[in-house]
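Number of protein chains: 2
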Amino acid sequence: MLDDARARDAADPLREYRARFALPDGVIYLDGNSLGALPTATAERMAQAIRGEWGEGLIRSWNSAGWIDLPRRVGGKIAPLIGAAPDETIACDSTSVNLFKLIAAALRMRPGRKAILSEPGNFPTDLYMIAGLEAQGLAERRLAPRDRLAEALDGDVALLLLTHVHYKTGEVFDMAALTRAAHAAGALVLWDLSHSAGAVPVDLNGCVPDGEGADFAVGCGYKYLNGGPGAPAFAYAARRHHAALEQPLTGWMGHAAPFAFSDDYAPAPGVERLLAGTPPILGLAALEAGVELIAEIGIERLAAKSRALSEFFRIGLDRLGIELDLVSPTDPMQRGSQLSFRHPEAYAICQALIARGVIGDFRDPDILRFGFAPAYVAFEDVAEAARHLAEVLETGEWQRDEFRERAAVT
Amino acid sequence: MLDDARARDAADPLREYRARFALPDGVIYLDGNSLGALPTATAERMAQAIRGEWGEGLIRSWNSAGWIDLPRRVGGKIAPLIGAAPDETIACDSTSVNLFKLIAAALRMRPGRKAILSEPGNFPTDLYMIAGLEAQGLAERRLAPRDRLAEALDGDVALLLLTHVHYKTGEVFDMAALTRAAHAAGALVLWDLSHSAGAVPVDLNGCVPDGEGADFAVGCGYKYLNGGPGAPAFAYAARRHHAALEQPLTGWMGHAAPFAFSDDYAPAPGVERLLAGTPPILGLAALEAGVELIAEIGIERLAAKSRALSEFFRIGLDRLGIELDLVSPTDPMQRGSQLSFRHPEAYAICQALIARGVIGDFRDPDILRFGFAPAYVAFEDVAEAARHLAEVLETGEWQRDEFRERAAVT
Chain A
131 MLDDARARDA
141 ADPLREYRAR
151 FALPDGVIYL
161 DGNSLGALPT
171 ATAERMAQAI
181 RGEWGEGLIR
191 SWNSAGWIDL
201 PRRVGGKIAP
211 LIGAAPDETI
221 ACDSTSVNLF
231 KLIAAALRMR
241 PGRKAILSEP
251 GNFPTDLYMI
261 AGLEAQGLAE
271 RRLAPRDRLA
281 EALDGDVALL
291 LLTHVHYKTG
301 EVFDMAALTR
311 AAHAAGALVL
321 WDLSHSAGAV
331 PVDLNGCVPD
341 GEGADFAVGC
351 GYKYLNGGPG
361 APAFAYAARR
371 HHAALEQPLT
381 GWMGHAAPFA
391 FSDDYAPAPG
401 VERLLAGTPP
411 ILGLAALEAG
421 VELIAEIGIE
431 RLAAKSRALS
441 EFFRIGLDRL
451 GIELDLVSPT
461 DPMQRGSQLS
471 FRHPEAYAIC
481 QALIARGVIG
491 DFRDPDILRF
501 GFAPAYVAFE
511 DVAEAARHLA
521 EVLETGEWQR
531 DEFRERAAVT
Chain B
131 MLDDARARDA
141 ADPLREYRAR
151 FALPDGVIYL
161 DGNSLGALPT
171 ATAERMAQAI
181 RGEWGEGLIR
191 SWNSAGWIDL
201 PRRVGGKIAP
211 LIGAAPDETI
221 ACDSTSVNLF
231 KLIAAALRMR
241 PGRKAILSEP
251 GNFPTDLYMI
261 AGLEAQGLAE
271 RRLAPRDRLA
281 EALDGDVALL
291 LLTHVHYKTG
301 EVFDMAALTR
311 AAHAAGALVL
321 WDLSHSAGAV
331 PVDLNGCVPD
341 GEGADFAVGC
351 GYKYLNGGPG
361 APAFAYAARR
371 HHAALEQPLT
381 GWMGHAAPFA
391 FSDDYAPAPG
401 VERLLAGTPP
411 ILGLAALEAG
421 VELIAEIGIE
431 RLAAKSRALS
441 EFFRIGLDRL
451 GIELDLVSPT
461 DPMQRGSQLS
471 FRHPEAYAIC
481 QALIARGVIG
491 DFRDPDILRF
501 GFAPAYVAFE
511 DVAEAARHLA
521 EVLETGEWQR
531 DEFRERAAVT
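Top line first, the protein sequences correspond to chains A and B. Using our numbering, the first residue of the first sequence is number 131, and each one after it goes up by one. Using our numbering, the first residue of the second sequence is number 131, and each one after it goes up by one.
To be clear, the hints were calculated from the coordinates, so they are not data collected in a lab. Owing to the predicted nature of the structure, the values given are computational and were not obtained by experimental measurement. Not one of these hints is a red herring.
Copies of the same chain look alike in the list, so a pair counts if it fits in one copy or across any two.
The calculated SDA-like cross-link candidates involving lysine to any residue, where the alpha carbons are at most 20 Å apart (straight line), are: (1) Lys244 x Asp284; (2) Lys244 x Ala280; (3) Lys244 x Glu281.
Just chain A, with the same shape it has in the complex (with noise of 0.2 Å):
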C-alpha cells in the first residue's frame, strides 16, 4: 500500500499545497473536517493584522486597512466555492446564529406557515436553532427520516433545513431534487454547508435552473476553509429574496447606514443585512488567507483528490482485512470528504490512535471519523493511517485504560 501511495502523491496536482500548510511533525492529520489546518500564510498575514493594522494602524484601519469591508470581501471569495455570486454571501458570527437570523427570515417570508423540516440526527445546532425559535412561539420543529422528507413537506412548511454532507456519516444529500421537492410545497430551502464548502462541489444557484435554486445557506469557517478555531461563519442569501428578507438579529453592522447612528433601524440593500455586531476583524483576517488559498486550488481539483484519498483508505483496510461497520456510502460520489465506522469501542480506537499520531476524531457515541481534507492530506497519510489502525484493532492495544478515559472535549 505504501508503494502505491508513494506513486499517487507523485502523480498528484496538489502535492505542492501541502507545503503551503504548517503541519506538526510526526502526526497524520485526518480531522481536517473539525478544524483545517493552519496555512503558513495565515501566520504571516495574522501578524501583519495584529502588529500592523492593529498596533499600527489602529482605528484608522476601519478605512485604510479595509476592516469595514472583511465581511463582504471574504463572503465574496467564499462564493465561488458554492455556487454563489460575491454579492450573495458574507462572512459574519458563527454558523449557529446565522442558522438563527435565516430560520427566522424564512418564517417571515411565510406567513402562516410554521413548520422548519429538517431531519433526526442533523447536526445539533442546526436543530438546537430551530428549538430556540421554537421557544419563542415562532416556529415548530419537524423531524422526518431522511427517506420521507418529501412526504413531510407539506402546507405548513416553512422552510426546509438539512445539512448537505451529514457531519457523521458524509453522507450527501442531492441538492437539486430537495430544493425543488421545497419550493414545489411552497418552501424555501437553507442549506448547511459547514461539512461541504471547499470539500464538495456545491452549486447553490444552478442546483436547478431558471433562478429557482436554494433559496439559504450558512456553513463553517473552520473547517475546509481553514480559518482557525472558531473562525466566523458565513450566510448566503439568494439575490432574489434580498429586498424581503427580514432577520431578527437588526445590529448597526445590518443597517443601511450605520454610521449615521439613527434610533430607526433601515436594513442594508443587500447581503449585508445579514451582518449583526461589528465583525470580528482577527477571525476574518485569518479565514481570508484560508478561503484564498482553497479558492486558488480550486474546487474541482478538491473534490477529485478528496474522493481519490478516501477510496485509497476505504479499498487499503479491505486489502489489510480489516472489517469495520462503515456508516458512510461506498460510493465517493454519494458522501462527503470523509470515511465513518461504527464500533461499540470508537473512543478508545480513537485515543489509540492519537498516541500513535494519527488524529481522526469520535463522534458519540459510536462512530470513528476520518476526514480526507485534500488541499493537505498525502497518500502516503493514508496508507499509514490504514496500517495504524490495523495494528490498533490487531493488538488491542485500544482496551488500554488510559484511551477509555473521556476528555471535556470528545
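Put chain B on the given structure of chain A with help from the hints.
Frame of chain A, contents of chain B only:
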C-alpha cells in the same frame, strides 16, 4: 501646560504601563474608547495561539490548550472589573447578539409585559436589537428621555435597557437608582457596559444591596479591554436568574452536554447557557491578553487616572482660551473616560487633527470625541492634543477640502 504634563507623568503610578502597549510613533491616540491599543503581550500570545495551539496542537488544543474553557475563563477575568462573580460572566459573540439574547430572555421572564424601555439616542445597536424583537412581534420598544425614564417604568415594562456611559456624551447613569426603579416597577434591567468596562468602576451585583443588583449586562471587548478589532463581547447574568434564563439563540455550545450530540436542546445549568456557536478562539485569546493587563492595573487606579486626564484636557483647553461646546458633564465623576464637544464642523476638525497625528473621533452629526484610555495615555499626550486642537481651530486648517470628504467609516 507641557511642563505641568511632564510633572504629572513623572508622578503617575501607571506610567510604566504605557510600555506594555505597542503605540505607533508620531501618534497621540485619543480613541481607545473606540478601539483600544494593542498590548505587546497580545502579539506574542497570538503568535503562540496561531503557530502553537492551532498549527501544532490542531484539534487537540480544544482540550490541551483549554480552548473549550475560553468563554468562561475570559468572562471570569472580566467579572471583577464590573462587580460580577466569575460564574456570572461569559465572553462570546458580539455585543449586538448578546443584547438580543438577554432582551429575549427578559421578555420570557416577564410574561404579559412587552415593553422594553430605553432612551432615544442610546447606542444604535441597542435600539435596533429591541426593534428586531419588535418585528418578531415579541417586544414593544418604548423610549423616554433620561430624566423621564422613572415615570415611563409602568406595569408593561419587562426590561429597562440602558448604556451605562453614553457613547456620545460620556454621561453616566446612576446604576443603583435606575436598577432600584426598574425593580420597583417589576421590571428587569440590562446595562450595556461597552463604554464602562475597564474605564470606570461598575458594581453590577453591589449597586443595590441584598441581592437586588443588576439583572443583566453586556459589553464590548475592543474598547477599554483592548481585545482587538471586533473582539468578542461579554454577557453577564446575575446568578439568581440562571435557572430561569431562556435565551433563543440555543446553539450547541449552550447545551448542557454539547458533545452528546442529542437532537433535543437542554440548556447548560449556569451562565454557559448564554453561549450559542463554536467560540471564536483567536478573538478570545487576544481578548484574554487585553483583559489580563487591564485587570492587573486595576479599575480604581484606571478610573482615577482617567478622570485626571480628562480634567487636564478640559481645564487645559480653557486656559488656552478654546471655547468649545462641551456636551460631556464637567464633573468627572459624572462622565466616562471621554470628553465630547459639539461643533458643526466636527468631522473636518477631527480629520485635521488626525493629519497632525492626534487621533480622536467623530460621531455623526456634530460630535468631536476624545477618549482618555488611562492605561496608556500620558498627560503629555493630552497637553499636545490640546495644543494641536487650539492650532487647528485658530488657523482654520480644518477648512481644507481634504478634511471635509467623508470616509466609509466615520
